[in-house]
Amino acid sequence: MLEAARRPRYGGELRVEMRASLRTPDPTEIPEDPSALAAQRLWLPAVFETLVRLDDHGQPQPWLATMWAHDTARKSWTFTTRKDVRFHDGTPWPPAGGSIVFPDDRPIEQILRELAGARNAITMRGADGTLLGTGPYRIAKWDAAKAAMLAAHDSYWGGRPFLDSISIQMSRSLAEQSNDLQIGKADVTEITLRDLRAAKQKGTLTSETPPMETLALVFENGRVPPNVRQALALAIDRAAIHNVLLQRQGEVSGALLPRWLSGYAFLFPAERDVNKAKQLAQQAAPVSFVYDRDDPMIRPIGERIAVNAGEAGIILRPGGNDVRLMRLPITSGDPWLALQDLARVLKLGPPATTASPYEAEKSMLDGSGVIPLVQLPRGWLLRSGVHNWPRFEEIWLDAGAVP
Amino acid sequence: MIPAVSRGILLLFFCLLAGAETLDDAVAALAKKIAARLGPAEVARVTARNSSSLAAADAAKIQPVLNRALQRRVREPKPVDVAVTISENLRGYILVAEIKRGNEPAVEMVEFRPAPAIEAPRPAVSIESKIVWEQDTPVLDLAVIGDQMLVLDTFGVSLYSRNAGKWERAAAAPIPTNLRDPRGRLEVAGDTLTVHLPGLTCRGSAKLATSVRCEDGGQFTAYRNTLAPGEAFSIVDVGGDTLLAELDGRVHIYNAARAPQGVVDGWGSDFVPLTGCGGRHILATGGGDQHSADFVTLYDLVNRAAVRVSDPLEFAGPVTALWPVGEGALAVVRNLSTGKYAAYNLALNCR
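Chains W and S, in that order, give the protein sequences. Number 97 in my numbering belongs to position 97 of the first sequence; there are no gaps in the numbering. Number 191 in my numbering belongs to position 191 of the second sequence; there are no gaps in the numbering.
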C-alpha cells in the first residue's frame with residue numbers, strides 16, 4: 001500500500017453529484033425539502049461565511065469575527081472583525097472601524113449560536129446581481145436545481161483553496177451517480193448505507209459521517225388520533241429494521257437528535273411493546289401511509305413498518321397523507337441549530353430557546369406527531385486520490401485523480 | 001481597542017460556555033440541581049451507569065459522591081429514585097439524572113469536558129531534538145546567528161535578540177503570505193538576508209536595518225506549495241542521484257541524466273540531507289496528513305533503495321517544514337493540542 005505524500009497538491013476540478021436540487025445559493029432562503037436543506041447546509045460554508053463557526057466539537061469559534069466583548073451594562077456586544085477579508089469580487093468586507101455592534105442582552109451562547117447559523121452568513125450583491133460571499137469558493141455558474149460551478153477564491157483570507165474548481169451536478173439519481181463514478185465522470189457520489197458497506201469491503205474509497213439523518217414517521221395532518229400514533233410508535237420493531245434491513249448501520253433511537261450530538265437520546269424510549277400497542281389501537285381507522293418507493297433503502301423499511309403496524313391492529317394503506325416515512329436531516333453540530341432546522345422541516349414553530357435542548361426536543365416530540373425510528377450516517381463514494389472530503393477548503397486531488 | 005467597552009470584560013467565547021470543567025465540578029453541580037428538585041421530606045436514592053468512554057475508575061466515583069452530597073436528615077424520609085447516566089456527546093461528557101417521581105421523570109443534566117490526555121513517553125531515538133522557538137503564527141523557517149534569531153512566518157520576518165536568556169523582538173519586516181500550506185526559506189550570507197516565498201524573492205539586511213525589497217520569481221512556485229521549477233515538494237541530491245517528492249505522492253529517484261531509477265514509498269513530502277555518524281543520510285517525514293501527528297526518520301540510500309537507520313522521532317503534530325541547517329535540520333511542528341508552531345533543531349546522536 002502506497003503512502004501518499006502529506007503535502008497537498010494544488011489544482012484540479014472536483015466533480016460532485018447529488019440527489020438534492022438547490023434552487024438558489026442564497027443562504028437566507030431555507031429550502032423546505034429535507035434533502036435540499038441537508039445539501040444547502042453541507043455546501044454553504046464553501047461559499048458563504050459567518051462571524052462565528054462551529055468547530056468539530058460543535059463549539060462556536062471565531063471566524064469572520066475574531067473576538068467579542070460586551071458593554072458595561074451588558075446590553076450590547078461588539079464583535080471585532082477579521083482583517084483582510086474580501087468578497088468574491090475583491091470588495092473589502094471589514095466594516096468601517098473594524099467592528100460590528102449588536103444591541104442584544106441575551107446570553108452570549110445564544111447570540112453566538114445564532115450568528116453561526118447559515119441565515120446569518122455575510123453576503124453582498126455584486127454589480128451584476130450575483131450573490132457574493134467571502135468563502136474559499138465563489139459561484140462561477142448557477143443553473144437552478146441542475147448544476148453549479150464553484151471556482152477558487154484566489155484572495156481568500158484563509159489562503160486560496162487547493163482545488164481550482166468544484167462542479168456540482170444536482171438531481172442525479174443514485175443509479176446515475178453510480179454509473180458516472182464508474183465511467184470516470186464524477187469524483188464524489190452519494191451512496192446508500194447498504195452499498196456503502198459493500199464498497200468498504202471491496203476497498204473502495206468512501207467517506208462516512210456519524211448519524212446525520214433521522215428516519216422518522218411524520219404525521220402530516222391531525223386525522224390520526226394520539227392513541228393510534230402512540231400505538232404505531234410502540235408497534236414498530238426498530239431493532240429488526242436496524243439489524244436486518246440496515247445491517248446494523250446507524251442507531252436505533254426514539255429521539256430526533258442522535259446521541260453523538262445530544263448525549264441524552266436514550267431518554268426517549270424506542271422499545272417495542274406490541275401488547276400495549278394493540279390496546280391503544282383498538283378499533284383504529286385505517287391510516288394512509290406514504291414513502292419513497294424508488295429509494296432502495298426506504299422501500300423495505302416502509303414495507304416492514306406496514307407489517308409491524310398490522311401486528312398491532314393498525315392498517316397502513318399506501319398513498320394518502322396521514323403519515324409519511326421521512327429522512328430528517330441533522331444539519332448542525334449544535335443541538336439548537338439542528339433542532340431549529342428540524343422544526344422547519346416538520347413545519348413547527350421554532351424551539352423555545354429558554355428551555356434546555358432536551359426540553360425543546362421533548363416538546364417537539366410530544367406535540368407534533370413524529371416517531372423517530374433510526375439515525376443514519378451519510379456516505380459518499382470517492383474516486384481514488386480525493387483527499388479531505390467534505391472539508392471543502394482543504395480538499396485536494398492526487399495528480400492521477402485530476403480529470 | 002474597542003470603544004465603549006469596559007476593561008476587564010473582554011471575553012473569548014470559550015470562557016462563557018455552559019458546563020463544568022471537571023468531573024468533580026460536574027457532580028457537585030448535578031447534586032445541586034437534583035437537590036433543588038426534591039421536596040422537604042424526599043431523599044435521593046442514586047444509581048449510576050456509565051454508557052460513555054469515561055474510565056470505569058472515574059465513573060465509579062460518581063455514585064458515592066452524589067449520595068454524600070444529597071445526604072439529608074429528615075424524620076419520615078420519602079425515597080426518590082435518581083438514575084444517573086454518564087453519557088457523552090460532541091462536546092464532551094454529560095451527566096444525566098432522571099428523578100423518578102410520578103409518571104413523568106424530571107431530568108437534569110450537566111456537561112463537562114474530559115481532562116486532556118497525558119502524552120505518551122517518547123521512545124529512545126538516535127535523532128535528538130531541541131525546541132528553539134514557539135509561536136501562534138505558522139513558522140516557515142528560522143535562523144539563529146549568534147545572539148540573534150530571524151523568524152520567517154506568514155506575517156513576514158522578525159529579528160529577535162537574546163537579552164538575559166530571553167528572545168526579544170528587535171525588528172520586523174512585514175511580507176504577508178496568504179496561502180494554504182505556506183512555505184518559505186531564509187538565507188543569511190554575511191549581512192544579506194534573502195527570503196524565498198511562493199512566487200517571490202525578497203532581499204534586505206540581516207539586521208532588518210533597511211527595508212526588504214521583493215521581486216517576482218524564486219525558489220517556490222507562485223500560489224503553490226511546490227519548489228520551482230519542476231513542481232516538486234522536496235529535492236535532494238544524493239551520490240549523483242536526485243530525489244524528488246513529486247505531485248503523485250511518491251518520491252522518485254533520477255540519475256544525473258534525469259532518467260528514472262526508482263521510487264521510494266512510505267516517506268512524507270519533506271526530506272533533507274543530514275550529515276554525521278559516518279555518512280550522509282536523508283531525514284524524511286512520515287506519511288500522515290496535516291491533521292495527524294508526524295515523525296521523522298533517518299534513512300540511507302543503498303542501491304537506490306531506502307534503508308532505515310534510526311528509530312522515528314515522534315512529534316506532537318504534523319511537521320509543516322523541514323529544512324537543512326548546517327549538519328542538522330530544522331523541523332517546524334504544529335502542535336495538535338495547543339495549535340502553536342514549534343521550531344526544533346534536529347541533530348544526530350551517534351552513541
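Just so you know, the hints here were simulated from the structure itself, not pulled from any lab data. Just so you know, not all the hints are guaranteed correct.
Stated by the list, open to error - Just some of the chain S residues that point at chain W, by a computed CB distance under 10 angstroms: (1) N50; (2) S51; (3) S87; (4) V96; (5) K100; (6) M109; (7) E134; (8) R185; (9) E187; (10) G190; (11) D191; (12) T194; (13) A228; (14) L247; (15) G287; (16) V319.
Claimed, not checked - Residues from chain W shown here face chain S by an in silico Cβ test under 7 angstroms; the list is partial: (17) F102; (18) G263; (19) P296.
Beta carbons are placed, not taken as given, at the ideal position from N, Cα and C, and that holds for glycine.
Which of the listed hints are not met by the structure? Failing hints, ascending: 1, 5, 7, 8, 9, 10, 11, 12, 13, 17 and 19.
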